[in-house]
Amino acid sequence: MAIDAIAAKVITGVGTGTLSPVAPTGGDGGEGFGASLARLVGTVEDSHHSANAAVNGMLNGQLDVHDAMIALQRADLTLQFGVQVRNKLVNAYQEIMRMPV
Amino acid sequence: MSTLNTAVSVAASALSAERTRIEVAVSNLANAGSTRGADGKTYRRRDVVLATDTVRSFDSALGAASATGVKVAAIVEDQTAARRSFDPSHPDADSEGFVELPNINPAEEMVDMVGASRAYQANLTAINLIRDLVSRSLELGRA
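Protein sequence lines correspond, in order, to chains B and Y. Every letter in the first sequence is one number past the one before it in the working numbering, and letter 64, counting from 1, is 64. Each position in the second sequence, counted from 1, maps to that position plus 101 in the working numbering.
Simulated restraints, written as ranges between beta carbons of each label pair:
id : chain 1 : residue 1 : chain 2 : residue 2 : range
1  : B       : N91       : Y       : D233      : 24 to 34 Å
2  : Y       : T169      : B       : D76       : 23 to 33 Å
3  : B       : V65       : Y       : R219      : 11 to 21 Å
4  : Y       : R184      : B       : D76       : 46 to 56 Å
5  : Y       : G138      : B       : G42       : 44 to 54 Å
Derived pair list, reagent style SDA-like, types lysine to any residue, alpha-carbon separation capped at 25 Å:
id : chain 1 : residue 1 : chain 2 : residue 2
6  : B       : K88       : Y       : R232
7  : B       : K88       : Y       : L241
8  : Y       : K172      : B       : M69
9  : Y       : K142      : Y       : D179
10 : Y       : K172      : B       : G57
Here are some chain Y residues pointing at chain B (derived, C-beta under 7 Å):
id : residue
11 : A113
12 : R232
13 : V235
14 : L239
Quick caveat, the hints were computed from the structure, so don't treat them as lab data. Since we're looking at a predicted model, the values are computed, not measured. Ideal Cβ positions, reconstructed from N, Cα and C, are used throughout, including at glycine.
Just chain B, same shape as in the assembly:
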């Protein structure tokens, strides 16, 4: 469905576009950042998959409306959380890059 397409775009945007430079430059701590970020993206993706499954289930008549809506809300909140974490990481990265040497 359309939701999947949007989710995929956002997730690749978060995962590969902006943040991949952060991991290599971090040295020791970089791997931790990268791993936790990958896990975060995985969680966001999982919640979007379950939301997708719930919407499909509702359209097939197997699930109730509230199940689908709760799954969508969960996916939305997880995505917002992921975006917040990404914003914080990017802010920290830019703050460091702005430092005069």
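Following the hints, put chain Y in place on chain B, whose structure we already have.
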């Protein structure tokens, strides 16, 4: 967020249970005049039995479940006697001219439905509250 997830799952289980209660009340109401059921006998009023249910979550897997959901344990038939009304011309009338009508009181079913729909709304409010709390918490990072 796992605790809040558990709470949402619990409220969702209640939503499903209340929906079943409404469905059963609607079926009772619709069949208030049915003289023939699937087994050939008069329709009997149905009642929902609710029971506690452990919601599967990370917390409960760790044995620290504080929240317990609800599930429909059974749908039982009300065994009170059927109403008998005198109507000799009815095709289902017995030799004495009485027809057995279901043991359903429409007013009682309406009260059941109101109760179930209020309970449904209460659980919706709980879910909305939890969602609001989570999004407010996310605003902490937006400064």
